[in-house]
Structure formats: C-alpha cells, structure tokens
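Residues 1 to 416, numbered by the working numbering, are exactly what the sequence shown covers, in order.
Hints were generated in silico from the structure; no laboratory data involved.
Please note: incorrect hints may appear among the correct ones.
What the hints assert, rightly or not - Here are the computed lysine-lysine pairs in the DSS-like style, where the Cα-Cα straight-line distance is at most 30 Å:
#1 Lys279 - Lys412
#2 Lys412 - Lys229
#3 Lys256 - Lys23
#4 Lys210 - Lys279
Stated by the list, open to error - DEER-style ranges, computed between Cβ atoms:
#5 Asp152 - Gly257: 48 to 58 Å
#6 Ser65 - Tyr252: 51 to 61 Å
#7 Asn243 - Lys314: 20 to 30 Å
#8 Asp173 - Gly384: 49 to 59 Å
#9 Ala313 - Glu402: 55 to 65 Å
#10 Phe34 - Arg179: 29 to 39 Å
#11 Thr175 - Ser65: 30 to 40 Å
#12 Asp285 - Glu204: 26 to 36 Å
#13 Glu248 - Lys339: 23 to 33 Å
We put the beta carbon where it would ideally sit given N, CA and C, even for glycine.
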Amino acid sequence: MYEAVVIADDFTGANDTGIQLKKYGYDTIVLIDFLKFGGFNKCDAVVMDTESRAMPKDKAYDIISNISKAVGQIRPKIIYKKVDSTLRGNISTEVKAICDSIGVDIIVFSPAYPQMGRTTVNGVHLLNSVPIDKTELSKDPKNPVKTSNLKDILTENFDIPCVKVDLDALRGDFTKALRDAVLPCAFIFDVETCEDLKKILEIEEVFPEKKILWVGSAGLANALFENHKKSHKPVLSIVGSVNSVSIEQYKYTVNKGRARGVVIDAISLLENKKDELDKILNEIDIYLEYSEDVVVATVSSRADYEKTLKWGAKHQVDTIAISERIASSLGELVFAIMKKHRLSGLFVTGGDVAISVIKKLSADGSRVICEIETGVPLLKIYGGPYDGTNLVTKAGGFGNKETICNAIKHIKGISV
1 MYEAVVIADD
11 FTGANDTGIQ
21 LKKYGYDTIV
31 LIDFLKFGGF
41 NKCDAVVMDT
51 ESRAMPKDKA
61 YDIISNISKA
71 VGQIRPKIIY
81 KKVDSTLRGN
91 ISTEVKAICD
101 SIGVDIIVFS
111 PAYPQMGRTT
121 VNGVHLLNSV
131 PIDKTELSKD
141 PKNPVKTSNL
151 KDILTENFDI
161 PCVKVDLDAL
171 RGDFTKALRD
181 AVLPCAFIFD
191 VETCEDLKKI
201 LEIEEVFPEK
211 KILWVGSAGL
221 ANALFENHKK
231 SHKPVLSIVG
241 SVNSVSIEQY
251 KYTVNKGRAR
261 GVVIDAISLL
271 ENKKDELDKI
281 LNEIDIYLEY
291 SEDVVVATVS
301 SRADYEKTLK
311 WGAKHQVDTI
321 AISERIASSL
331 GELVFAIMKK
341 HRLSGLFVTG
351 GDVAISVIKK
361 LSADGSRVIC
371 EIETGVPLLK
381 IYGGPYDGTN
391 LVTKAGGFGN
401 KETICNAIKH
411 IKGISV
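Given the sequences, and given the hints that come with them, work out the whole structure.
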C-alpha cells in the first residue's frame with residue numbers, strides 16, 4: 001500500500017508535486033476520483049486532487065475529511081498537504097479537516113518555493129520580494145489572497161498553537177526551540193533558499209515517533225521526498241540473441257558491474273525446462289530482492305552456441321525448433337519474475353524472445369515512447385496486467401557495447 005499520500009486542491013498542483021515523488025523513485029499516480037483511492041496497490045505514492053481550492057469552506061472540509069479518514073486507515077509514512085505557493089485556497093479549513101480526521105502531533109507549514117520566487121521572511125510570505133497580498137493575487141477572481149501572514153492563514157479557521165521559526169533560528173541550532181514546544185502545535189518556517197527547506201527536515205530527527213503533517217508547496221515536497229529517496233526498482237534484461245554484438249553487450253554490462261549476470265544452460269533448459277527455470281528463477285530472485293539489476297543470457301560465448309547446435313544435431317532438433325523452445329522458456333521466465341517482483345522495466349534483445357515475452361505477459365503490443373539509440377526504441381507495454389511497463393527492445397546486431405547500460409538508465413528514468 002502507499003508509502004506517501006499527498007492531498008492537493010487542484011490538478012496542476014497535484015502533478016507538480018507528483019513529479020517530485022517520481023523524481024526520487026516513487027511509483028506515483030495522480031487521482032481525481034476519491035472512490036478509486038484504494039485501487040492502486042502497486043503504486044508507492046498517490047496524489048489525490050480534490051479540486052477544492054475554490055469550494056465553499058464547509059464543502060472543502062467534508063471532502064478532505066472523507067479522504068483523510070481513508071488515509072488514516074492505511075497509515076502511510078508520509079502525509080503531505082499540498083497548498084498553493086501563493087496561498088490561494090482553503091488552506092486553514094483543509095488542514096483542520098485532516099487533523100480532525102486522523103490526529104497529528106506536529107504541523108510543518110512552509111509554502112515557500114524559492115526556485116519560483118516564493119519565500120517567507122518574518123512570517124510574511126513573499127512573491128519576488130513583495131508580500132503576496134500586495135500583488136495581483138489579491139485580486140484573483142476565485143481565490144483572492146487577503147493576507148501574507150502565514151500564522152493568520154493557518155489559523156483562520158483552525159485554533160492551534162503556532163511556533164514561528166525565523167531565518168536566524170533555522171540556520172542555527174533550532175532543535176532546542178522545537179523540543180521546548182508544547183505539542184500538538186504548528187511550526188511555521190521562514191525560508192529564502194532551497195537549503196532552508198532542507199534544514200526544516202531536521203524536525204524528523206527531533207520527533208522521530210511523532211505524527212507529522214507536512215503542509216507546503218512543491219518546494220517543501222521536493223526537499224522532503226529527496227530526503228526520503230527510494231532506490232530505483234531493478235531492471236530485468238534478457239539477451240535472447242546469439243549475435244556476437246549482443247554477447248559483447250552482455251559481457252560489458254556484467255564486467256562493468258552494471259548488472260548481475262545470469263547465464264542459462266541452454267542444453268539443460270532444452271532437456272529439463274522446469275528444473276533449469278526454477279534454478280535460474282531462484283538466483284534471480286535473490287538479486288532482485290536487493291534491487292540489483294539483472295541481465296540474463298542463454299550464451300556467454302560463441303562456444304556455448306556451438307555446443308547447443310551439436311546437442312540439436314545429436315537429438316535431431318533443428319535450429320528453428322531450438323530457438324522457438326528457448327524463446328518460449330524465456331517468456332515464461334519473465335512472466336514468473338513479473339508476478340513476484342516490481343521492476344522499473346524490461347530490456348529484451350532478440351525478436352523471437354521479445355514477442356514471446358509480450359505474449360506471455362498477455363499484452364496487446366507496445367506504445368512507442370522514443371528512440372534512445374539508433375534502432376533501439378523505448379516503449380511501454382500496451383494492454384494486459386502489465387500495461388504501462390517500460391520496455392526496450394533491440395535487434396541482436398544493433399547498438400554498441402554500452403547499449404544495455406544505456407537502456408537500463410532510460411528505463412529507470414535516470415539522466416543520461
């Protein structure tokens with residue numbers, strides 16, 4: 001179930017925060033229908049868009065309250081109330097609804113977003129150094145901002161003690177002030193820089209056992225989720241081609257330590273498929289449990305391939321039949337792994353193997369995303385239970401020695 005839940009009051013803000021989660025390894029979905037809240041167990045995080053920014057306060061309270069009760073039942077590690085960085089919306093009402101529904105010990109309130117010119121000094125929120133209520137936002141037709149004072153914003157409809165943490169305190173040792181506070185309470189932070197946002201997170205060290213409600217814009221979200229960064233899920237690569245180019249790509253990837261190498265004994269696979277697949281699956285399971293990338297090959301040298309051909313000649317099995325049986329077995333292997341593990345995606349080289357994988361996963365095909373190298377597309381599986389899974393396919397002779405490494409980076413969404 002979800003490790004982080006974000007409650008946002010509009011769709012663009014929901015997506016803005018969702019990308020912070022995605023950036024730090026969280027498989028994230030943005031939902032606009034509360035009734036579907038519990039239906040995405042494979043995600044690490046969910047962002048609920050309530051579209052409550054311009055609602056009457058009582059209606060906003062009811063919507064947030066209902067969502068918060070559901071959130072309280074799943075007990076995510078992080079609960080984040082996304083608010084507008086220019087203070088529009090029912091901030092006080094919605095924070096109160098969350099606290100009334102699930103109870104919190106601490107509210108961290110910091111809507112600053114320094115990268116976008118939103119800062120807070122002496123408890124006053126600024127847009128490009130001008131108090132928010134002195135800007136055009138005070139005349140917003142749907143959500144006019146009436147004050148720049150963060151304490152007044154938070155306590156408009158919510159009676160809670162507030163502790164202001166100014167820049168001098170924040171940039172020094174502010175932990176004593178935190179410990180002296182009587183809980184429950186809200187801490188309101190001055191912020192001018194991204195480093196200030198990161199400093200706020202020391203509050204988790206002071207109160208490791210307390211329930212914290214984070215209230216802020218995408219700025220605080222970025223700092224928070226960077227601090228709770230998840231490792232990227234592993235990639236499973238299947239080298240089903242016996243082309244020398246693919247063999248060299250396999251060797252390079254393993255020798256550089258970019259993935260764990262697993263070589264299937266093709267003859268054992270042909271003679272006793274179940275035992276060989278079980279053995280290989282057990283080995284792969286161990287690596288994936290530790291989030292290590294895995295690259296599987298049916299040959300690691302031309303000599304391996306020649307041995308398989310000799311076996312075929314001895315047992316009167318032609319090369320086409322050998323290829324089809326191995327491709328089918330590799331498809332079964334991938335399916336077995338996908339049922340047990342959550343992956344960033346798949347890399348498959350060899351046309352017979354690629355189509356076997358697609359069929360074993362009950363997919364309808366693929367959605368084309370982009371080309372990561374000449375002749376090497378990044379795709380998403382289309383249809384079936386693994387719809388949306390990242391996939392890179394490659395003809396056996398395409399690419400250079402770094403192609404598998406490059407594909408793994410693209411599948412994980414890492415800058416290359």
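Range hint 20 to 30 Å (beta carbons of Asn243 and Lys314) holds or violated: 24 Å, holds
Outcome of range test on Cβ distance (Ser65, Tyr252; 51 to 61 Å): 56 Å, holds
Beta-carbon spacing of Asp285 to Glu204 - inside the hinted bounds 26 to 36 Å or not: The hint (26 to 36 Å, Cβ to Cβ) holds, given that Asp285 and Glu204 are roughly 33 Å apart.
Pair hint outcome, Lys279 versus Lys412 [Cα-Cα no greater than 30 Å]: Holds, at roughly 27 Å.
Hinted pair Lys412 and Lys229, Cα distance within 30 Å: 14 Å, holds
Straight-line alpha-carbon gap Lys256 to Lys23, limit 30 Å: 25 Å, holds
Beta-carbon spacing of Glu248 to Lys339 - inside the hinted bounds 23 to 33 Å or not: Cβ of Glu248 to Cβ of Lys339: about 32 Å, so the range 23 to 33 Å holds.
Assessment of proposed distance window 30 to 40 Å (beta carbons of Thr175, Ser65): 33 Å, holds
Whether the CB-CB distance between Phe34 and Arg179 falls inside 29 to 39 Å: Holds: the Cβ-Cβ distance is about 38 Å, inside 29 to 39 Å.
Straight-line alpha-carbon gap Lys210 to Lys279, limit 30 Å: 45 Å, violated
Cβ distance range 49 to 59 Å for Asp173 and Gly384, holds or violated: 55 Å, holds
Hint check for Gly257 and Asp152 - Cβ pair distance inside 48 to 58 Å: 56 Å, holds
Checked against the numbered hints given earlier, this structure breaks hints 4 and 9; the rest are met.
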